[in-house]
Amino acid sequence: MLEANGLMVFYENMLALNNVHLRCKKEEIVGVFGANSAGKSTLMYTLSGIMDDIRKKEAMAGGERITVLGEIKYLGREIGALKPSKRAREGIILCPERRRIFRESSVMENLRIGGYLSTAAQASETIDYVFSLFPALKNLRKRIGGFLSGGEQQMLAIGRALMAQPKLLLLDEPLLGLSPLMQATLVRSTRVIRDQRKISLIVTEQYARPVLPIVDYAFILENGTAVLEGNREELMGNPDVRAAYFGVN
Amino acid sequence: MSSTHRRKERIDRGIKVRTDGLYALMSWRELSYLTVPRLVLILGILALPIVMPGMYWQKVITIVCIYAMLAIGFDFLAHYVGLVSLGGAFFIGTGGYIAAILNSSYGLPPLLTIPIATILGAAICTLLLLPCLPLRGVYFAIVTLMYPLVLARIIEALDVLGGTDGIMGVDSFASSWVEQYLAVTMVLIFLFGLRRLVNTDIGLVFRAVKDNDQAVRASGMNISYYKAVAVFIASAMGCLAGACLVHIYMWAGISLFALDFSIIPIAATVIGGGGTIVGPVLGCLILVPISELLREFGTLRIVFYSLILVGFIVFRSEGIMVFGERKYHQFQRWVRV
Chain F
1 MLEANGLMVF YENMLALNNV HLRCKKEEIV GVFGANSAGK STLMYTLSGI MDDIRKKEAM
61 AGGERITVLG EIKYLGREIG ALKPSKRARE GIILCPERRR IFRESSVMEN LRIGGYLSTA
121 AQASETIDYV FSLFPALKNL RKRIGGFLSG GEQQMLAIGR ALMAQPKLLL LDEPLLGLSP
181 LMQATLVRST RVIRDQRKIS LIVTEQYARP VLPIVDYAFI LENGTAVLEG NREELMGNPD
241 VRAAYFGVN
Chain P
1001 MSSTHRRKER IDRGIKVRTD GLYALMSWRE LSYLTVPRLV LILGILALPI VMPGMYWQKV
1061 ITIVCIYAML AIGFDFLAHY VGLVSLGGAF FIGTGGYIAA ILNSSYGLPP LLTIPIATIL
1121 GAAICTLLLL PCLPLRGVYF AIVTLMYPLV LARIIEALDV LGGTDGIMGV DSFASSWVEQ
1181 YLAVTMVLIF LFGLRRLVNT DIGLVFRAVK DNDQAVRASG MNISYYKAVA VFIASAMGCL
1241 AGACLVHIYM WAGISLFALD FSIIPIAATV IGGGGTIVGP VLGCLILVPI SELLREFGTL
1301 RIVFYSLILV GFIVFRSEGI MVFGERKYHQ FQRWVRV
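Residue numbers (our numbering), protein chains in the order written: chain F, 1 to 249; chain P, 1001 to 1337.
Wrong hints could be hidden among the right ones.
No farther apart than 30 Å at their CA atoms in a straight line, the calculated lysine-lysine pairs in the DSBU-like style are these [as the list claims (entries may be wrong)]:
#  : chain 1 : residue 1 : chain 2 : residue 2
1  : F       : 167       : F       : 86
2  : F       : 167       : F       : 198
3  : F       : 167       : F       : 26
4  : F       : 73        : F       : 57
5  : F       : 56        : F       : 83
6  : F       : 73        : F       : 25
7  : F       : 26        : F       : 198
8  : F       : 86        : P       : 1008
9  : P       : 1016      : P       : 1327
10 : F       : 73        : F       : 198
11 : P       : 1210      : F       : 56
12 : F       : 83        : P       : 1008
13 : P       : 1327      : F       : 57
14 : F       : 198       : F       : 25
15 : F       : 83        : F       : 57
16 : F       : 142       : F       : 167
17 : F       : 57        : P       : 1210
18 : P       : 1059      : P       : 1210
19 : F       : 138       : F       : 167
20 : P       : 1008      : F       : 56
21 : P       : 1059      : F       : 56
22 : F       : 57        : P       : 1008
23 : F       : 86        : F       : 198
24 : F       : 138       : F       : 198
25 : F       : 73        : P       : 1008
26 : F       : 56        : P       : 1327
27 : F       : 86        : F       : 56
28 : F       : 142       : F       : 73
29 : P       : 1016      : F       : 57
30 : F       : 73        : F       : 86
Note that these hints are calculated values from the structure, not bench results.
Make the full structure from the sequences, and use the hints.
Now the structure itself:
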């Protein structure tokens, strides 16, 4: 489905992503794990094309020069030159880090904004689906986004991303700052989304343990380099990885 | 695959790295790397009144300096304290009228009226702006924009302070050299003074207020107080400029509250490069003479003016100074990755 080869991203002279190869097959959940500054968010921005936007803004304001190299193939097509809006139309939807919901719009409005690309029928179907997936949101539909709790905001952010009818959903640190209970709920619903909507997902997370049960394949980033990859069993078998990312000895 | 790729690398010049610490100056070359740009600016500005042909262009230089003081103040408020001020006209008007009243009604000489107008005017401006300082957002800009309009209408409607005729017969400076060099040296003093100020402790607090005022408040500091200090500094510069302007024109009228004084500093900051303090001065040095040159086109000059501004915003929103600094400190080369 998605294949990235030799991705390199430079922030000025700092190497944020170093020759990363990443694959995501159809209806697969791929995990990307790494500490802070490992390049997870950079990877997500690069895949969704936001990096292109950031690069242009920085260039105009005379800030950092960002260089993006490498190729990204999506459904057999090279999309490296595609604008983020075009990529979204192709079905690559990013659910950004720290949720970035529209704080001054209500839950319902947030979802509708997310449904900009879908037809009316798709939109109403997806809204129903989001409410069945996250029943907690159903009672909050009039609530202003900024007044939601962290977990509710994350549900809303995922719901909003689903409204755009993704084929490949990029979840950037969906569990950031949430309680273990909420984390478990979200992880469960992530798998449900994959099974019911038949989409592929790429999930980044710092701490791999909560997400690991649902990922089919995972990459481990360290300082911008993909140091290790493998399926669940392979990663669990590696003692270094177990200690560093799963917290078990 | 990636070995065929190249990217353009931007790195600091060796001499920049060596001269970053003051203790590392080893040669005349390194010394001049630091001092020449500053000396060029100082000597260049000081020489301007001498090299200008004729009275007319010498007057233009004085006006450039008046605008430069406003632009420095705008840049300081906008990029170091986070207050977008449209109050150039307000500061000029307050300082100008105070100087004119002191001179014409109480007979004080310019030597006294200018300092008094600076301090008193800045105090009045700060007091009047105090209510909107705790607010974040666009309110400060709106209030600073409204005050000059309000004051001009009050003077016009109530016919106080000379009404629409203005206050005439204000003393001029002893000679045109005094007025020019007063303006020029004041610009230089403010320029280097502010550059120093923003790197002191209080400058750090100012920048912190801009970045995250709630965090500053959480650190136990009163943001309104620090904003008031910053507004006092900026309005003092504006009031001084206004007082000088009144003595140059020998007249104070409601055109001191003209919007030009609010808009041109902003345009100069955009062109010169915000956040550099020097940039706005360069911007004024470019913009004000251009607007004089275009005077023969009448009101059409506003069109040229706007085009220049739009061009800068679209193509070089960083500004001349930021661009130049980068070229001076860094070089580029292609590298293979």
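Quick rundown of the hints versus the structure:
1. Between residue 167 of chain F and residue 86 of chain F, the direct Cα distance comes to roughly 13 Å. Compliance with the 30 Å bound is thereby established for this hinted pair.
2. At roughly 8 Å between alpha-carbon atoms, residue 167 of chain F and residue 198 of chain F fall within 30 Å of each other, so this suggested pair holds.
3. The straight-line distance between the Cα atoms of residue 167 of chain F and residue 26 of chain F is roughly 9 Å, inside the 30 Å bound, and the hint therefore holds.
4. For a cut-off of 30 Å, the pair hint linking residue 73 of chain F to residue 57 of chain F stands: about 25 Å separates their Cα positions.
5. A threshold of 30 Å between alpha carbons decides the hint, and for residue 56 of chain F with residue 83 of chain F the separation of about 11 Å falls inside it, so the pair holds.
6. Note on residue 73 of chain F and residue 25 of chain F: the hinted pairing holds, with a Cα-Cα distance of about 12 Å set against a maximum of 30 Å.
7. Proposed proximity of residue 26 of chain F and residue 198 of chain F is supported: the alpha carbons are some 8 Å apart, at most 30 Å.
8. Proximity of residue 86 of chain F to residue 1008 of chain P is assessed by CA-CA distance (about 27 Å); at most 30 Å being required, the pair is judged to hold.
9. Under the criterion of a C-alpha separation no larger than 30 Å, the hint pairing residue 1016 of chain P with residue 1327 of chain P is consistent with the structure, at around 11 Å.
10. For the suggested pair residue 73 of chain F and residue 198 of chain F, the alpha carbons sit about 20 Å apart, so the restraint of at most 30 Å is met.
11. Between the alpha carbons of residue 1210 of chain P and residue 56 of chain F the distance comes to roughly 25 Å, so the proposed pair stays at or under 30 Å and holds.
12. For the suggested pair residue 83 of chain F and residue 1008 of chain P, the alpha carbons sit about 22 Å apart, so the restraint of at most 30 Å is met.
13. Between residue 1327 of chain P and residue 57 of chain F the CA atoms are separated by roughly 19 Å; this keeps the pair inside 30 Å, and the hint holds.
14. A distance of roughly 12 Å separates the Cα atoms of residue 198 of chain F and residue 25 of chain F; the hinted pair therefore holds under the 30 Å criterion.
15. The straight-line distance between the Cα atoms of residue 83 of chain F and residue 57 of chain F is roughly 14 Å, inside the 30 Å bound, and the hint therefore holds.
16. Under the criterion of a C-alpha separation no larger than 30 Å, the hint pairing residue 142 of chain F with residue 167 of chain F is consistent with the structure, at around 28 Å.
17. Pair hint residue 57 of chain F plus residue 1210 of chain P holds up; C-alpha atoms about 21 Å apart against a cutoff of 30 Å.
18. With a C-alpha separation of about 37 Å, the suggested pairing of residue 1059 of chain P with residue 1210 of chain P is violated against the 30 Å cut-off.
19. Using a Cα cut-off of 30 Å, the hinted pair residue 138 of chain F and residue 167 of chain F holds, with the two alpha carbons roughly 25 Å apart.
20. This hinted pair checks out: residue 1008 of chain P and residue 56 of chain F have alpha carbons roughly 15 Å apart, not beyond 30 Å.
21. The straight-line distance between the Cα atoms of residue 1059 of chain P and residue 56 of chain F is roughly 42 Å, outside the 30 Å bound, and the hint therefore fails.
22. Between residue 57 of chain F and residue 1008 of chain P the CA atoms are separated by roughly 18 Å; this keeps the pair inside 30 Å, and the hint holds.
23. Between residue 86 of chain F and residue 198 of chain F the CA atoms are separated by roughly 21 Å; this keeps the pair inside 30 Å, and the hint holds.
24. A distance of roughly 23 Å separates the Cα atoms of residue 138 of chain F and residue 198 of chain F; the hinted pair therefore holds under the 30 Å criterion.
25. Note on residue 73 of chain F and residue 1008 of chain P: the hinted pairing holds, with a Cα-Cα distance of about 25 Å set against a maximum of 30 Å.
26. Taking the CA atoms of residue 56 of chain F and residue 1327 of chain P, the gap is about 19 Å. The hint holds against a cut of 30 Å.
27. About 16 Å separates the Cα atoms of residue 86 of chain F and residue 56 of chain F, which keeps this hinted pair within 30 Å; it holds.
28. This hinted pair does not check out: residue 142 of chain F and residue 73 of chain F have alpha carbons roughly 40 Å apart, beyond 30 Å.
29. Simply put, residue 1016 of chain P and residue 57 of chain F have alpha-carbon atoms about 27 Å apart, close enough for the 30 Å limit, and the pair holds.
30. Straight-line distance between C-alpha atoms of residue 73 of chain F and residue 86 of chain F comes to about 14 Å, which keeps the hinted pair within the 30 Å bound.
Violated hints, in rising order: 18, 21, 28; the structure is consistent with all others.
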